[in-house]
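Take the sequences, apply the hints, and build the full model.
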Amino acid sequence: MKKIFSRPESMSKKPFHYCPGCDHGVIHRLIAEVIDELEIKNRTIGVAPVGCSVFAYDYFDVDFNQAPHGRAPAVATGIKRVRPDSIVFTYQGDGDLAAIGTAEIIHAANRGENITAVFINNAIYGMTGGQMAPTSLIGMKTQTSPYGRDAATAGHPIHMCEMIATLESPVYVTRVTINNPANLMKTKKALLNAFTLQKEGKGFSFVEVVSTCPTNWGKKPTDAHKWLTENMLPVFKLGTFKDTQGVEKS
Amino acid sequence: MSKWVINENLCKGCGICIARCPLKILAFADHLTSKGVHPAAMTDEAKCTSCAICARSCPDVAIEIYKEEK
Ligand SMILES: Cc1ncc(C[n+]2csc(CCOP(=O)(O)OP(=O)(O)O)c2C)c(N)n1
Ligand code: SF4
Ligand code: SF4
Ligand code: SF4
Ligand SMILES: [Mg+2]
Numbered sequence: 001m002k003k004i005f006s007r008p009e010s011m012s013k014k015p016f017h018y019c020p021g022c023d024h025g026v027i028h029r030l031i032a033e034v035i036d037e038l039e040i041k042n043r044t045i046g047v048a049p050v051g052c053s054v055f056a057y058d059y060f061d062v063d064f065n066q067a068p069h070g071r072a073p074a075v076a077t078g079i080k081r082v083r084p085d086s087i088v089f090t091y092q093g094d095g096d097l098a099a100i101g102t103a104e105i106i107h108a109a110n111r112g113e114n115i116t117a118v119f120i121n122n123a124i125y126g127m128t129g130g131q132m133a134p135t136s137l138i139g140m141k142t143q144t145s146p147y148g149r150d151a152a153t154a155g156h157p158i159h160m161c162e163m164i165a166t167l168e169s170p171v172y173v174t175r176v177t178i179n180n181p182a183n184l185m186k187t188k189k190a191l192l193n194a195f196t197l198q199k200e201g202k203g204f205s206f207v208e209v210v211s212t213c214p215t216n217w218g219k220k221p222t223d224a225h226k227w228l229t230e231n232m233l234p235v236f237k238l239g240t241f242k243d244t245q246g247v248e249k250s
Numbered sequence: 251m252s253k254w255v256i257n258e259n260l261c262k263g264c265g266i267c268i269a270r271c272p273l274k275i276l277a278f279a280d281h282l283t284s285k286g287v288h289p290a291a292m293t294d295e296a297k298c299t300s301c302a303i304c305a306r307s308c309p310d311v312a313i314e315i316y317k318e319e320k
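Protein chains in written order, with my numbering: chain A, 1 to 250; chain B, 251 to 320.
Read the hints as simulated data drawn from the structure, not as lab findings.
Once the Cα atoms are required to be at most 25 Å apart in a straight line, the calculated SDA-like pairs of lysine to any residue come out as:
hint : chain 1 : residue 1 : chain 2 : residue 2
1    : A       : K189      : B       : C301
2    : A       : K186      : A       : I4
3    : A       : K220      : B       : G265
Below you can see the structure in the form of structure tokens.
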């Protein structure tokens, strides 16, 4: 018997604390597969956020740091600058990256730091029990928008890829999702592209993964991807917004 | 040796692998694990193509896939 699939080397053996069906687990695994494939395990340093993935450091068998809420790109900047040979990635939710940490991500992107930023957009604050995020949809009911998000008082969903793609420095800005097996493989490819660009010293890359939070959406795990497809993808359009190196063509 | 191997201690019974298997040969087992969930189980391994869609979709990396060597 030939082994076709098993846990990647760059993952620890620790079981995830995530809720049943949460996308965080799949995205962790895809990153670990990319680290294995690029043979960068010994020089990769992750930066975990505040949010459900705060314990990401327990799940990867690579060095890790855990930044104060929203500050992962600033911490990653410091690590990369003092250890330029390391491969540094951040992993942040939408509350972390698009609310409290807006300044840090925009400026790391604008400086063109040679790091890889992975952004898990599940349109909600998962860890704290389902409050509205800057990415919550118009009309979306959350703990802090019980009548649905109202643009008049809460503004519109923030499109981080589109914003970051307006900046001069970033080399790769893409939005993907893992709502079906084909898109899951595209997400893997996007992560591979982003880490490869960093390895080659090309500059800042940003991978947004439109993701689920079955628990706070009040959806069964098997219904959550359908809800994502029908409700989130029309607002958060999949695609690549910037690819200055043509990595997707090579 | 099996083509489809599950670590029941990791399975949270989310059902995503069952929903995504193109051949619909996965189902919830009757028994409960120590976590109190009905884990995913193989119902007809002869049909399994070792495509690994189930394993790649599992949020808890609970499934391993093997293929018969020709
Ligand atoms: C300075 C600070 N403010 C607020 C909090 C509370 N807090 C913890 S996680 C979180 C938001 C997490 O949401 P997100 O980043 O979307 O991650 P998810 O849990 O959805 O993956 C907040 C506001 C905190 N821990 N520290
Ligand atoms: S609360 Fe949501 S984001 Fe957090 S682990 Fe549970 S399903 Fe995942
Ligand atoms: S490997 Fe493919 S055919 Fe076999 S159980 Fe998994 S999804 Fe179904
Ligand atoms: S996808 Fe994984 S956790 Fe979910 S039921 Fe299948 S084996 Fe269990
Ligand atoms: Mg979130």
